[in-house]
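**Q** Chain residues, written in single-letter form:
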Amino acid sequence: MSKGFASSSRMALLTLAVLACFLGIGVRLVFLHVVDRDELLRFVEKARRQIVVERSRRGAILDARGNLLATSRSFVTVGADPEMLQPADEARWPDLAHLLGMKPDELDRTLRRASAASKTALATLAENSGEKRIRWVKLAEDVDEGTFDQLIRLGVHGVYGQRSYKRVYPGGELAAHVLGYLNEEGVPVTGAERHLDLYLKGEDGWIESEKDGARRELAQFRSREVPAQNGDDVVLTIDSVIQHIIEDELRTIAAKFDPHFASIIVSDPQTGRILGLANYPTYNLNDYSRAPVAAQRNCAVTDIIEPGSTFKIVAVGGALDQGVVTPDSVFDCGNPLVVHNGKQLRLPKDDEALGELTVADIVAHSSNRGAAQLALLLGDDRFYDYARRYGFGSTTRYELGGEVRGILEPPSRWDGLTITRMPMGHSVAATPLQIHMAMSAVANGGTLLRPQIIREIRDPAGHVVRTFGPEKREQVLRPSTAALLAQLLTRVVTEGTAKGFDIPGFEVAGKTGTTQKLIDGKYVNNHHVASFVGFFPASRPQVVLSVIVDDAKVPGGGPAYGRAVSAPSFKHIAEQLIQYLDVMPVATPARGLVALNGGAR
Amino acid sequence: MKPPPANALVNQMVAHTLGLLVFGGSLGLGAVWVRQEIFSTANRNHQLELKIADAQRRLDELDAGIAAALNPQTLALRNGTMGLGLIAPRELQVVRVGESPELRLAAKRNQEIFTVQTASLNPEAPAGPAEAGTAAAPLSFRVLAAAYR
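Protein chains in written order, with the numbering used here: chain A, 59 to 659; chain B, -1 to 147.
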């Protein structure tokens, strides 16, 4: 048996020492893990634990062709820590100023002043004067990633950036009233941003983890991780090009007539899809804080106007639908008096003496007396019923909110003259969108549709998760009546109040409207709402277009007639839409040898 | 038999203790190594996450830039500043083709390559390029002669 290599006393001593060490360690561990556990854990939690919120990315808003209308992107706020600035870097300050878009002198002054203040603060700090150290001086905001990369490559010590995500609208003013915006706090304020926030916003995630002394995450200590769910993308029915065309036209109208407001709406009559909706005044979504509140209003749904003669489609459509008249029925529009329910009623004036007119002529020449007689034939209740069926007096259920119902009083609240005045669009008020959708019902065979502004919702991977289809609200007219009325409306541009604004081959059907404005309870002669609402081609409508201009100032004075203010814009827009949407002509106009030669010129 | 000396027992204990220490140390080192691996893997993942986030950020910026550049208003302004003179077509400029565009273009091209001449018994009938769809006069015939230009 081995005798061993050490003396027993030394070995015993060593063993005791080792065991004592282990015992000491054990005791310390017991203290750390059992006795002082709660206190130490609290300290660790405070010093090292962190919960990092992982922001979800807000979904984009796209137009019908996939063009970005609103998206989120990062911007960097660049600043300097004066305590970290080094004299050796001063030679690179001019380059820094150039990258930040500042004058070198300005940057130099800012940094030197901050540096001096920082030194003073540090000195007074030593004397416990309560001065705060200066660790951040803002140099520039909204610096893009590319510029920030160049700035980092410059290697100026003490200059760094803080990233933040901002909502940007690449189109600026494009579809401003449809899109709405997010304010500085990231709160959606109006339009699609607000009303589709449920889809767009996504859900923030979070990571529970630990950090080191420099506040960097120690990824190996992540204990819980909930990934962020990015928001869905929303595809609107708006077409950027159509939107641009109508906004361009609104700029022309604004420059020419300086109106109080103006709205132009374009839609597909068969589906109710809004292809373009624009208002004047408007604003730049990227600079919303400078826009007056009036410019931010979506007048097409928030403002009501008396529809004027565009409302005559109610009386004419109703009378034709009920079979009480035919297009050839003749009415005496020269007689100012009629007897109704045993009472003699005075009919409204026409702009000019029109004499005897057929129903077709009443539409073409927009006879107030003719429309009143048609309404009298229908009677109060039936006329009111048709007005309601056309959607007047109730919201169109526009998906982006802010809509008002307009005014349509029931017959029980009418006075004796209302039945003669309402058919010409007085004693009733509607939003431009209501008027537009009413005309759309004539275009699509008599069906009142809900205006559709959302096309589909896509998840962040680009898969369609929800689609939105046409939504029928009411059958206003029989299809045959609607088709007949559409044909009558084509005469407005060929021989009626908007003569000369037809587009050969494309069967433009429409109705002008010129309404005196009601100011202080009186209809005045120098303030009007001019409108032209129509569609084309009448026999197979593809586009409904409304141009409504409130209080246009016509150069040289005089009434702002629909034919003078709105009809030219209607035609100009329609000509562009025909090309853009490739609307085929109903009857091809003669083109001579150009066509015969295969387009060779 | 003599009992083993006390020193030997102590020596055995020391040896076992040392062995235990080595074993424990190895376990400790192994644990440290595993933790280090976890740390470096977690860090690599973290770096990858940052890179993905950075790429996503740049992608968003690029998308926004492209969208701004393709905005109709911007394009219209560029059309003006670059003096391109691009305008939307007008209906009168448009020729709508009802038949197959390929056949039409082929016919147009062939018309340029070949000269087609006609002759007729009727001395009053004009000689010239044949026109599609022209009805032949009664009691007349046509001689088509094609010459390569």
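A few of these clues could be false.
Derived SDA-like pairs: lysine to any residue, alpha-carbon spacing no greater than 20 Å straight-line [unchecked claim]: (1) A:K224 with A:N241; (2) A:K259 with B:D58; (3) B:K49 with A:Q380; (4) B:K49 with A:P246; (5) A:K190 with A:D200; (6) B:K49 with A:N241; (7) B:K49 with A:R274; (8) B:K49 with A:V110; (9) A:K259 with A:V299; (10) A:K259 with B:R33; (11) A:K269 with B:D58; (12) A:K224 with A:P246; (13) A:K224 with B:R33; (14) B:K49 with A:T178; (15) A:K401 with A:L475; (16) A:K224 with B:L82; (17) B:K49 with A:L475; (18) A:K269 with B:E47.
To be clear about the criterion: a stretch of chain B counts as covered by chain A if any three or more of its residues have a C-beta under 8 Å from a C-beta of chain A, and this derived list gives those stretches [said to hold, decoys possible]: (19) 9 to 15; (20) 25 to 37; (21) 54 to 62; (22) 67 to 78; (23) 88 to 102.
By construction, these hints were calculated from the structure, which means they are not laboratory data. Backbone N, C-alpha and C fix where the C-beta goes; we use that ideal spot for every residue, glycine too.
**Q** All the hints need checking, so say for each whether the structure fits it.
**A** Hint by hint, here is what the structure shows:
1. A:K224 with A:N241: Holds. A:K224 to A:N241 sits at ~10 Å (cutoff 20 Å).
2. A:K259 with B:D58: holds (16 Å)
3. B:K49 with A:Q380: The given pair, whose Cα atoms are some 70 Å apart, is violated under the 20 Å limit.
4. B:K49 with A:P246: violated (29 Å)
5. A:K190 with A:D200: violated (27 Å)
6. B:K49 with A:N241: violated (29 Å)
7. B:K49 with A:R274: holds (16 Å)
8. B:K49 with A:V110: At roughly 18 Å apart (the allowed maximum being 20 Å), A:V110 and B:K49 satisfy the hint.
9. A:K259 with A:V299: violated (27 Å)
10. A:K259 with B:R33: violated (38 Å)
11. A:K269 with B:D58: Given that 20 Å is the threshold and the Cα spacing comes to 29 Å, the pair is violated.
12. A:K224 with A:P246: Holds, at roughly 12 Å.
13. A:K224 with B:R33: Distance of about 39 Å is beyond 20 Å: violated.
14. B:K49 with A:T178: violated (40 Å)
15. A:K401 with A:L475: holds (11 Å)
16. A:K224 with B:L82: violated (34 Å)
17. B:K49 with A:L475: violated (74 Å)
18. A:K269 with B:E47: Distance ~17 Å between A:K269 and B:E47 Cα, so the pair holds.
19. 9 to 15: holds (count 4)
20. 25 to 37: holds (count 3)
21. 54 to 62: Since 7 is at least three, the answer is holds.
22. 67 to 78: holds (count 5)
23. 88 to 102: Holds: 8 residues of the region 88 to 102 of chain B have a Cβ under 8 Å from chain A.
Going down the numbered hints, you'll see the structure goes against 3, 4, 5, 6, 9, 10, 11, 13, 14, 16 and 17, while the others check out.
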